[in-house]
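Q: One line per chain: the protein sequences are A and B, in this order. In terms of this note's numbering, the first sequence is residues 4 to 309. In terms of this note's numbering, the second sequence is residues 4 to 309.
Note that these hints are calculated values from the structure, not bench results. Do not take every clue at face value.
Since the list can't tell identical chains apart, any single copy or any two copies may satisfy a pair.
What the hints assert, rightly or not - List of simulated lysine to any residue pairs, SDA-like, C-alpha gap at most 25 Å:
#1 Lys-12 <-> Ala-222
#2 Lys-308 <-> Arg-65
#3 Lys-12 <-> Asn-302
#4 Lys-12 <-> Asp-146
#5 Lys-12 <-> Ala-134
#6 Lys-12 <-> Val-228
#7 Lys-12 <-> Glu-137
#8 Lys-12 <-> Pro-225
#9 Lys-12 <-> Asp-218
#10 Lys-12 <-> Ala-60
#11 Lys-308 <-> Arg-239
#12 Lys-308 <-> Ala-104
#13 Lys-308 <-> Asp-194
#14 Lys-12 <-> Arg-141
#15 Lys-12 <-> Leu-51
#16 Lys-12 <-> His-226
#17 Lys-12 <-> Gly-263
#18 Lys-12 <-> His-300
#19 Lys-12 <-> Ala-223
#20 Lys-308 <-> Asp-21
#21 Lys-308 <-> Arg-195
#22 Lys-308 <-> Tyr-224
This one's a predicted model, so the numbers in the text were calculated from it and none came from an experiment.
Protein chains: 2
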Amino acid sequence: MPVFSEYAKAFTQHLPPDDRRELLARLDDFDEQRIADMDAGHVDYVILSQSAPGMQAEPDARLAQRLATENNDFLAERIAQHPRRFGGFAHLAMHDPAQAARELERTVRDYGFKGALINGHTCGRYYDDRAYDEFWARAEALDAPIYLHPANFAEVPALLQPVPVLQGATFGWSVETGGHALRLLFGGVFDRFPGLKLVLGHMGEFLPFMRWRFDSRFAAYPHGVTLRQPPSAYFRSNIYITTAGVCSAPTLLGAIGEMGADNVLFSVDYPYESTADACAFIDAAPLDAATRAQVCHGNARRLFKL
Amino acid sequence: MPVFSEYAKAFTQHLPPDDRRELLARLDDFDEQRIADMDAGHVDYVILSQSAPGMQAEPDARLAQRLATENNDFLAERIAQHPRRFGGFAHLAMHDPAQAARELERTVRDYGFKGALINGHTCGRYYDDRAYDEFWARAEALDAPIYLHPANFAEVPALLQPVPVLQGATFGWSVETGGHALRLLFGGVFDRFPGLKLVLGHMGEFLPFMRWRFDSRFAAYPHGVTLRQPPSAYFRSNIYITTAGVCSAPTLLGAIGEMGADNVLFSVDYPYESTADACAFIDAAPLDAATRAQVCHGNARRLFKL
Numbered sequence: 004m005p006v007f008s009e010y011a012k013a014f015t016q017h018l019p020p021d022d023r024r025e026l027l028a029r030l031d032d033f034d035e036q037r038i039a040d041m042d043a044g045h046v047d048y049v050i051l052s053q054s055a056p057g058m059q060a061e062p063d064a065r066l067a068q069r070l071a072t073e074n075n076d077f078l079a080e081r082i083a084q085h086p087r088r089f090g091g092f093a094h095l096a097m098h099d100p101a102q103a104a105r106e107l108e109r110t111v112r113d114y115g116f117k118g119a120l121i122n123g124h125t126c127g128r129y130y131d132d133r134a135y136d137e138f139w140a141r142a143e144a145l146d147a148p149i150y151l152h153p154a155n156f157a158e159v160p161a162l163l164q165p166v167p168v169l170q171g172a173t174f175g176w177s178v179e180t181g182g183h184a185l186r187l188l189f190g191g192v193f194d195r196f197p198g199l200k201l202v203l204g205h206m207g208e209f210l211p212f213m214r215w216r217f218d219s220r221f222a223a224y225p226h227g228v229t230l231r232q233p234p235s236a237y238f239r240s241n242i243y244i245t246t247a248g249v250c251s252a253p254t255l256l257g258a259i260g261e262m263g264a265d266n267v268l269f270s271v272d273y274p275y276e277s278t279a280d281a282c283a284f285i286d287a288a289p290l291d292a293a294t295r296a297q298v299c300h301g302n303a304r305r306l307f308k309l
Numbered sequence: 004m005p006v007f008s009e010y011a012k013a014f015t016q017h018l019p020p021d022d023r024r025e026l027l028a029r030l031d032d033f034d035e036q037r038i039a040d041m042d043a044g045h046v047d048y049v050i051l052s053q054s055a056p057g058m059q060a061e062p063d064a065r066l067a068q069r070l071a072t073e074n075n076d077f078l079a080e081r082i083a084q085h086p087r088r089f090g091g092f093a094h095l096a097m098h099d100p101a102q103a104a105r106e107l108e109r110t111v112r113d114y115g116f117k118g119a120l121i122n123g124h125t126c127g128r129y130y131d132d133r134a135y136d137e138f139w140a141r142a143e144a145l146d147a148p149i150y151l152h153p154a155n156f157a158e159v160p161a162l163l164q165p166v167p168v169l170q171g172a173t174f175g176w177s178v179e180t181g182g183h184a185l186r187l188l189f190g191g192v193f194d195r196f197p198g199l200k201l202v203l204g205h206m207g208e209f210l211p212f213m214r215w216r217f218d219s220r221f222a223a224y225p226h227g228v229t230l231r232q233p234p235s236a237y238f239r240s241n242i243y244i245t246t247a248g249v250c251s252a253p254t255l256l257g258a259i260g261e262m263g264a265d266n267v268l269f270s271v272d273y274p275y276e277s278t279a280d281a282c283a284f285i286d287a288a289p290l291d292a293a294t295r296a297q298v299c300h301g302n303a304r305r306l307f308k309l
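Can you build the whole structure from these sequences, using the hints too?
A: Okay, here's the thing in structure tokens:
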């Protein structure tokens with residue numbers, strides 16, 4: 004899908020040329036280095052997705068829908084070459100919630116996709132908008148987890164405007180994606196669709212550590228919002244996190260302590276981090292055998308029905 | 004200091020009337036309920052500070068400087084009534100860095116204040132501005148730790164604009180204050196003033212959990228910024244955190260694992276949380292005796308020279 008390289012430019016343009024060339028080659032490879040790295044790290048199975056920002060950054064809705072559909076057809080072909088090693092997440096143009104719901108259903112039904120990965124807002128539109136209830140209803144009905152992956156800010160906050168180094172992956176993405184996830188939570192999406200499963204990478208964009216404070220401060224300052232559960236409870240009932248992009252044992256243990264071992268999944272932010280680094284981290288993490296089994300495969304098997 | 008109640012309005016206006024009355028009474032009390040609560044929780048000593056936003060929200064620089072000075076004189080009188088129970092943080096108008104440096108020095112020298120607590124930006128101005136190097140130099144020379152406390156956003160990010168419930172203490176403050184602290188770090192303040200000690204409340208505004216990712220993503224996307232150490236290292240060399248406002252054991256253990264037990268201090272977000280709740284949390288936290296001693300008093304004694 005060479006056209007997708009165009010959309011990836013914003014995410015690679017600051018890299019040194021050699022690093023960028025290697026990264027783009029790894030993104031395009033499905034059969035060689037990717038599988039060799041999995042083998043070396045004893046990774047049996049991965050679910051593949053279109054890299055950010057993809058169609059979430061395409062303003063033309065019809066073009067975005069066409070390319071997302073082509074992407075899904077392409078991914079289905081690639082994973083069919085290695086069905087025991089690869090699964091797929093749908094790439095969805097989110098411009099039209101009804102069309103996104105249909106495309107999710109098509110890819111789950113026809114290709115066995117495990118859910119969808121969405122790269123944040125679509126041109127500044129967030130999915131707590133009631134118009135997206137139709138999409139969330141379908142995801143719930145299909146029992147298809149939705150992975151909310153970072154995007155660049157639709158509008159860079161004044162706080163970070165003068166400091167480009169903080170606007171992206173180093174800090175800003177977690178603010179943007181964590182804030183988006185909280186808009187869903189405090190917007191009542193999980194109350195309206197209690198079976199919905201949302202997945203967050205990057206150790207849950209660090210939200211698990213804020214659970215106690217969410218409850219404490221929301222109780223003091225509800226601003227007219229009512230929820231069926233304390234905010235912290237949704238981090239067990241509806242939110243799952245992955246370790247992708249955060250290879251630190253104390254933070255992993257903290258997240259497991261906050262969310263329970265059922266809701267934390269090992270994952271590799273490939274190719275933005277190396278499979279070897281991520282595997283070395285999880286192999287060395289001080290987890291008991293039962294927790295390790297859950298984090299490394301049991302939770303993924305259950306959540307994605309592998 | 005009844006005039007300060009005016010500045011506190013923004014932080015209390017959404018509370019139910021009874022809660023608000025109780026909160027304001029507790030803020031005004033230095034001799035009764037405050038000490039009774041400390042006694043009940045076996046808290047020997049606390050360092051008091053002006054509640055947010057104080058003079059950081061006052062646009063008139065001269066008025067702010069006068070009121071901050073009056074505040075410091077007032078606080079010195081109050082703590083003199085209970086010198087074995089109370090210490091003070093200076094309240095500083097930060098409009099003029101040279102004046103702020105002088106007032107910090109005066110209060111440390113004349114009143115034995117332990118440092119200063121600053122409620123975030125001053126009317127949208129952040130302290131990575133090189134004009135503040137004069138202030139940071141004085142804080143370093145005095146070995147006076149600076150506690151950076153939350154403020155409301157100078158400009159609410161578009162991401163949070165439609166969701167007031169996320170703009171303040173529940174989420175936005177951590178973004179604002181964490182982002183401000185990162186502006187100092189990535190702006191090289193700790194490289195220029197390596198002896199500077201910055202204190203963050205609310206479990207470090209959750210930045211400790213991002214240490215690994217700061218290093219990983221900053222290495223990939225430095226945006227022309229150079230630092231003497233990996234970003235994570237400043238969380239041991241220059242940054243101290245307190246538990247104020249976050250009473251969750253897994254998160255505490257994660258923070259200690261990330262920063263080391265030397266840099267984490269027990270504190271109570273009084274009167275915004277109850278001393279009883281905070282003490283029950285720390286008493287129940289699964290800390291070994293040496294770590295407990297550091298977190299509960301050793302670190303504070305060392306950092307603030309008690």
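Q: With identical chains, the pair Lys-12 and Ala-222 could be close in the same copy or across copies; at 25 Å between alpha carbons, which is it: within, between, both, or neither?
A: So Lys-12 and Ala-222 pass the 25 Å test across copies only (18 Å; inside, 43 Å).
Q: When no copy is specified for Lys-12 and Gly-263, does a C-alpha distance of 25 Å or less occur within a copy, between copies, both, or neither?
A: Classified as neither: same-chain Cα gap 37 Å, cross-chain 39 Å, threshold 25 Å.
Q: Between copies, within a copy, both or neither: which fits Lys-308 and Asp-194 at Cα up to 25 Å?
A: within (24 Å within a copy, 50 Å between copies)
Q: Is it within, between, both, or neither for Lys-308 and Arg-195, if the alpha carbons may be no more than 25 Å apart?
A: Answer is within; shortest intra-copy Cα gap is 23 Å, inter-copy 53 Å.
Q: Taking 25 Å as the upper bound on the Cα-Cα distance, should Lys-12 and Pro-225 be classified as within, between, both, or neither?
A: between (41 Å within a copy, 17 Å between copies)
Q: Reference check for the pair Lys-12 and His-226, CA-CA at most 25 Å: within, between, both, or neither?
A: For Lys-12 and His-226, the Cα distance is within 25 Å only across copies (16 Å; inside one copy 40 Å).
Q: At most 25 Å between C-alpha atoms: does Lys-308 with Arg-239 qualify within a copy, between copies, both, or neither?
A: Close inside one copy (18 Å), not across copies (43 Å); limit 25 Å.
Q: Could you place Lys-308 and Arg-65 in one of the four classes (within, between, both, neither) given a Cα distance threshold of 25 Å?
A: Neither way: Lys-308 and Arg-65 sit 32 Å apart in one copy and 65 Å across, limit 25 Å.
Q: If the cutoff is 25 Å on CA atoms, where do Lys-308 and Asp-21 land: within, between, both or neither? Let me know, please.
A: The answer is neither: 39 Å in one copy and 51 Å across copies each exceed 25 Å.
Q: Please sort Lys-12 with Arg-141 into within, between, both or neither, judging by C-alpha distance up to 25 Å.
A: Neither way: Lys-12 and Arg-141 sit 32 Å apart in one copy and 44 Å across, limit 25 Å.
Q: Tell me, please, which holds for Lys-12 and Ala-134 at an alpha-carbon limit of 25 Å: within, between, both or neither?
A: Neither, since 30 Å and 36 Å both go past 25 Å.
Q: Given a CA cutoff of 25 Å, do Lys-12 and Ala-223 count as a within-copy pair, a between-copy pair, both, or neither?
A: between (44 Å within a copy, 15 Å between copies)
In this structure, the hints that do not hold are numbers 2, 3, 4, 5, 7, 14, 17, 18, 20, 22, in rising order.
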